[in-house]
Amino acid sequence: MAEAIAFYVLAACILGFAVLVVTAKNPVHSVVFLVLDFLCVAALYVTLGAEFVAAIQVLVYAGGIVVLYLFVVMLVNVKRPPEAFRAGGRHATLGLALAGAVLVEAAAIAVWSRLSPAAPASAAQTVPVSGNTEQVGWLLYTSYLVPFEVASMLLLVAMVGAIVLARKES
Amino acid sequence: MVELVLIPLLKIIVVLNATLLGVTYMVLLERKVIAWAQSRLGPMRVGPYGVLQPVADAMKLMLKEDITPARADKWVFTLAPILSMVPALVVYAVIPFGDEVHLFGRRISLYITDINVGLLYVVSVTSVGVYGIILAGYSSNSKWPLLASLRASAQLISYEIAITLTLVSVVLMSGTLSMVGIVTSQASQGVWYAFIQPMAFVIFFIGGLAETNRAPFDLPEAEQELTGGFHTEYSGMRFALFFLAEYANMIVVSSVATTLFLGGWLRPFPNVEFLSFLGIVPGWCWFLLKSFIFLYLFIWVRATLPRYRYDQLMRLGWKVLIPLAIANLILTAIVKVALA
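Sequences listed follow chains S and V, in order. Residue numbers for the first sequence, in this note's numbering: 26 to 195. Residue numbers for the second sequence, in this note's numbering: 584 to 923.
What the hints contain is simulated information worked out from the structure, not anything from laboratory work. Treat the hints with care, as some may be off.
Pairs of lysine to aspartate or glutamate, EDC-like flavour, derived with a Cα cap of 20 angstroms [said to hold, decoys possible]:
1) S/Lys50 with V/Asp656
2) V/Lys594 with V/Glu683
3) V/Lys726 with V/Asp656
4) V/Lys643 with V/Glu613
5) V/Lys919 with S/Glu159
6) V/Lys726 with V/Glu808
Just need the whole structure built from these sequences, with the hints factored in.
Now the structure itself:
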């Protein structure tokens with residue numbers, strides 16, 4: 026009962042802040058709402074018993090990446106043009122279409138995992154360690170080693186690319 | 584009901600009040616110690632030897648006019664001090680001040696809670712504190728606070744990496760992220776981690792100075808260049824909140840350093856048998872004493888060292904501390920595997 030209440034309150038907060046992120050007139054306000062949104066998502070992870078993921082969510086997203094967003098917004102000093110808020114623009118249509126696609130995808134995953142619940146659960150059963158952090162670490166370095174390394178290589182490539190682009194021609 | 588609600592609530596009240604009292608007296612201690620370092624007397628007027636100076640300061644700050652600059656971003660301007668104060672206080676939830684005491688026939692643990700990702704919780708909550716500084720600089724609608732807040736955030740992000748890497752090498756030694764678990768693993772291994780991780784200890788302390796914007800890394804508050812720093816436009820109680828947050832963060836860094844490197848509530852040399860008479864001093868006294876030594880070191884450093892230049896600060900962070908922390912981490916991992 027308490028869990029259900031916590032879930033619905035947090036879900037309402039997440040959706041509310043997400044709407045505020047895209048509707049706020051001032052980009053800095055958008056970023057602040059994004060931070061609050063990520064904090065609510067972290068709280069949701071705590072209610073699911075995933076303390077490790079919650080702490081990483083706050084550390085990486087709320088405390089790291091969004092700080093860099095804020096940097097960019099403050100340095101570039103972007104002002105959203107007034108026509109960005111007009112209803113029915115080209116971007117609004119595109120955004121709605123993308124949101125719809127994501128909704129369909131999430132619904133499909135939910136339905137599919139309801140129909141065949143055994144498939145994703147099998148990996149978790151082979152974990153020989155207990156505890157949140159240990160389980161994440163175990164899976165990351167056994168079953169998901171290759172995707173994990175590929176993802177980190179991708180990030181490294183992105184970083185090198187950004188440095189190459191930003192460097193002045195000498 | 585008593586176990587579930589009342590005792591934690593009492594603990595929270597005690598810890599928060601003790602922290603805020605500690606913060607106000609920390610300010611007095613700093614003024615006194617720096618005065619002595621410079622052959623002055625420091626505050627002497629309010630109470631004997633100035634011991635009531637914090638009370639006078641608090642009264643003054645509360646009674647001052649609360650000014651919001653024209654064309655400031657009002658909501659963000661109000662939010663910023665709160666955002667820097669709240670994380671500084673929330674961290675105390677996982678800091679173990681001592682083991683257990685018997686009070687009124689109950690066993691009471693001297694920490695608010697012990698979660699299995701305690702250390703990660705500390706790192707992630709303190710990483711949110713940087714928003715207070717950035718948003719204060721942005722919302723003031725003034726040049727110098729903006730420059731100061733950009734400096735502060737670049738500094739915090741850079742030094743956070745080095746600090747987190749040192750924490751990883753400590754976690755490799757202890758095998759747990761729980762704050763209580765780290766202390767008990769130091770007890771079972773019979774050694775403070777400062778002795779087997781001296782490099783991590785030094786990097787953590789230097790990084791801690793930078794994370795709390797203390798001298799010699801107090802560039803975000805460089806008065807000569809920035810008229811005062813990110814809180815230039817703040818006055819009265821909102822300014823006081825930034826001030827309290829800075830000192831509360833100093834106490835956090837000291838407490839975390841004590842827990843990770845100086846054995847928390849353990850007595851000195853926990854493995855040496857003939858020193859066991861030191862055990863009559865309760866654990867929380869050891870904890871407070873060790874934290875106090877760190878706090879004194881903070882003040883001592885400020886009274887001694889001149890301020891870094893900004894490029895020197897960045898070079899130290901990225902070209903010295905981070906490579907050293909990575910080397911230390913790899914070395915720790917190799918030794919750990921070799922011994923296992």
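Hint-by-hint comparison with the structure:
no. : hint                   : in the structure
1   : S/Lys50 with V/Asp656  : holds, 13 angstroms
2   : V/Lys594 with V/Glu683 : holds, 13 angstroms
3   : V/Lys726 with V/Asp656 : holds, 14 angstroms
4   : V/Lys643 with V/Glu613 : holds, 19 angstroms
5   : V/Lys919 with S/Glu159 : holds, 18 angstroms
6   : V/Lys726 with V/Glu808 : holds, 12 angstroms
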